[in-house]
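Novice: Read top to bottom, the protein sequences are chains A and B. The numbering of the first sequence is the numbering used here, which starts it at 4 and goes up by one. The numbering of the second sequence is the numbering used here, which starts it at 10 and goes up by one.
To be clear, the hints were calculated from the coordinates, so they are not data collected in a lab. Because the structure is a prediction, the values reported are computed rather than measured. Don't take every hint at face value.
Below, simulated SDA-like cross-link-like pairs (lysine to any residue); rule was C-alpha separation at most 25 angstroms, straight line [as the list claims (entries may be wrong)]:
hint	chain 1	residue 1	chain 2	residue 2
1	B	K60	B	P232
2	B	K199	B	N133
3	A	K165	B	A150
4	A	K165	B	P161
5	B	K170	A	G166
6	A	K165	B	K170
7	A	K72	A	A111
8	A	K9	A	I19
9	A	K165	B	L165
10	B	K60	A	Q30
11	A	K165	B	V117
12	A	K165	B	N159
13	B	K60	A	W29
14	A	K165	B	A156
15	B	K170	A	A21
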Amino acid sequence: MNLPAKLMSLFLLGLIRALTGAQARWQGCPPKAEQRIYFANHQSHADLVLMWAALPQELRSITRPIAAKDYWTKTPFKQWITTAVFNAIYVDRTKTNDQDPLEPLIDALESGDSIILFPEGTRGNQEEPQAFKSGLYNLAQRFPQVVLVPAWINNVQRVMPKGEVVPVPILCSVTFGAPLALEAGEDRGSFLTRARQAVIALRDS
Amino acid sequence: MSSFLRNLSPSQQVGLLFIIVFGLLIAASITALVMSLRDHGDNDIRTQDIKELTSLVNTSWVVCTVFWLSWASGETVATLLFAIVAFFALREFITLSPTRHGDHRSLVLAFFVVLPVQFWLVINERFDMVTVFIPVYVFLAIPVVSALANDPQRFLERNAKLQWGIMVCVYGISHVPALLLLDFPGYVGKNAFLVFFLVFVVQTGMLVQHLAARKWPRPPTAPQVSQTFHWSSWLMGLAVGGFVGGLMSGLTPFKPAQAVAMALIACVAGSLGHLVMKALKRDRGITNWGSQGKSVTGASGLLDRVDALCFAAPVFFHSVRWYFGL
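Turn these sequences into a full structure, and let the hints steer you where they fit.
Specialist: The structure is reproduced here in structure tokens:
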């Protein structure tokens with residue numbers, strides 16, 4: 004990380020902690036430097052920032068969040084912050100036939116990084132997350148050695164609702180649950196339902 | 010001894026006070042540590058008691074350190090410190106009161122306009138404005154902003170909650186540093202004692218009330234709200250608080266009888282305010298403020314620690330101002 008990026012990351016961490024507390028609750032597993040896929044509910048663009056801030060320093064440097072390409076590359080500043088500070092992986096949400104959208108994720112996992120994934124694909128505005136897309140299943144199948152950790156992000160949508168620019172201070176937390184594994188012969192649908200339930204279960208824990 | 014004390018300058022007197030207080034805290038911490046080391050975990054009630062004692066001592070450390078810092082660094086820094094406390098307390102309050110999208114601009118107003126303005130008024134000693142800014146002007150401004158957001162659902166409830174949060178967290182806490190800026194004739198440089206007096210009598214009253222309720226358990230007066238609150242233990246807390254206030258009259262600009270009366274006023278406001286905040290917490294179904302009221306670490310929220318002060322400070326401040334015509 005170069006100096007401006009480092010300063011930016013310190014500034015962002017301070018700001019996020021002052022506004023939200025960014026508390027991590029490691030309920031089902033300890034924070035550990037093993038290769039992991041964190042998957043969480045998605046209600047706001049700030050989810051990515053909060054997850055990043057909630058991870059301890061050592062894990063933050065080896066964990067790469069997934070960012071929607073259309074939103075996070077809209078301005079040069081957003082692009083800079085996602086690449087230089089968050090070290091994010093861009094995913095193209097518009098369907099193109101010639102390229103597998105999971106490819107950048109596969110590259111990252113093959114090089115040993117952990118990733119943060121929002122399997123709903125888009126932001127929801129309901130109480131419960133929408134149905135999970137199959138990306139999580141495909142990755143779990145392809146990388147059986149990577150630990151799958153469910154996470155519940157709480158309250159972020161209240162900090163900055165859709166269409167607002169000024170965030171308000173409200174305490175947020177990220178709860179990490181017990182790791183999940185793809186069972187032998189488990190089909191796509193039941194695995195995705197199980198993964199979604201694991202995330203929802205963390206809400207009330 | 011007393012002539013020695015009188016010959017010290019005001020700031021030396023205050024410094025001596027802090028040395029004594031921190032000495033007492035060290036003694037209390039050591040006692041709690043020894044008790045927890047000798048605890049074998051075979052008696053759950055005892056273990057629980059030790060836990061409560063430790064958390065009480067820890068709270069006192071935090072509070073005393075804040076006061077020491079604020080005294081050591083001057084009145085403006087002290088006021089800013091309390092502004093930060095108010096910010097975090099309001100953050101906890103709002104987190105646990107469900108808000109809607111339509112409240113967003115009102116919240117921005119509360120955090121980034123009302124709070125700084127209130128503390129700015131305190132720093133500038135505009136006490137008449139400090140008194141009415143939130144109850145009069147903000148009382149109108151917040152619902153106007155909410156109404157413009159075009160969301161009538163549970164409108165009164167949402168605005169009442171927000172106004173309440175601002176009153177408790179911003180208005181209440183801003184009156185603690187305001188005490189530092191009151192001009193008593195012949196009491197220059199000693200206003201820190203006034204803050205100390207307020208905090209000490211309120212905390213003493215609460216502690217005695219807590220211990221009395223443990224020692225002589227009685228059917229609680231309002232069991233749905235508090236399992237421990239009873240008028241008899243409350244009166245004991247008041248009596249000791251008032252008595253301690255009388256003993257401390259030498260530190261304050263009050264005569265002994267005035268000091269007892271002021272201490273009683275502060276204790277009544279503080280302990281009943283604490284009860285009110287307990288009712289709020291029960292309503293939200295939580296045991297303490299802080300993140301979602303379910304703290305993994307066992308630490309409770311900031312608001313749990315300052316709620317008595319939030320109610321005691323404005324009542325105490327305005328009683329003093331009114332009685333002494335300041």
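Novice: Going straight from one Cα to the other, do B/K60 and B/P232 come out at no more than 25 angstroms?
Specialist: holds, 23 angstroms
Novice: Holds or violated: are the alpha carbons of A/K165 and B/L165 at most 25 angstroms from each other?
Specialist: holds, 24 angstroms
Novice: Quickly compare the C-alpha distance for A/K165 and B/N159 to 25 angstroms and report which way the hint goes.
Specialist: holds, 16 angstroms
Novice: Holds or violated: B/K170 with A/G166, Cα cutoff 25 angstroms?
Specialist: Given that 25 angstroms is the threshold and the Cα spacing comes to 24 angstroms, the pair holds.
Novice: Would you check the hint for A/K165 and B/A150, treating anything up to 25 angstroms between C-alpha atoms as holding?
Specialist: holds, 23 angstroms
Novice: Given the hinted pair A/K165 and B/A156, is their Cα-Cα distance within 25 angstroms?
Specialist: holds, 19 angstroms
Novice: Would the hint linking B/K60 and A/Q30 be met if the CA-CA limit is 25 angstroms?
Specialist: holds, 22 angstroms
Novice: When you check the alpha-carbon spacing of A/K72 and A/A111, does it fall within 25 angstroms?
Specialist: holds, 16 angstroms
Novice: Is A/K9 close enough to A/I19, meaning Cα to Cα at most 25 angstroms?
Specialist: At roughly 15 angstroms apart (the allowed maximum being 25 angstroms), A/I19 and A/K9 satisfy the hint.
Novice: Would you mind confirming whether the straight-line C-alpha gap from A/K165 to B/V117 stays at or under 25 angstroms?
Specialist: holds, 15 angstroms
Novice: Keeping to a limit of 25 angstroms between CA atoms, is the pair of B/K199 and B/N133 held or broken?
Specialist: Between B/K199 and B/N133 the Cα gap is close to 19 angstroms, so the pair holds against 25 angstroms.
Novice: CA of A/K165 to CA of B/P161, is that 25 angstroms or under?
Specialist: Satisfied, since the Cα-Cα distance of roughly 19 angstroms is no more than 25 angstroms.
The structure shown violates none of the earlier numbered hints.
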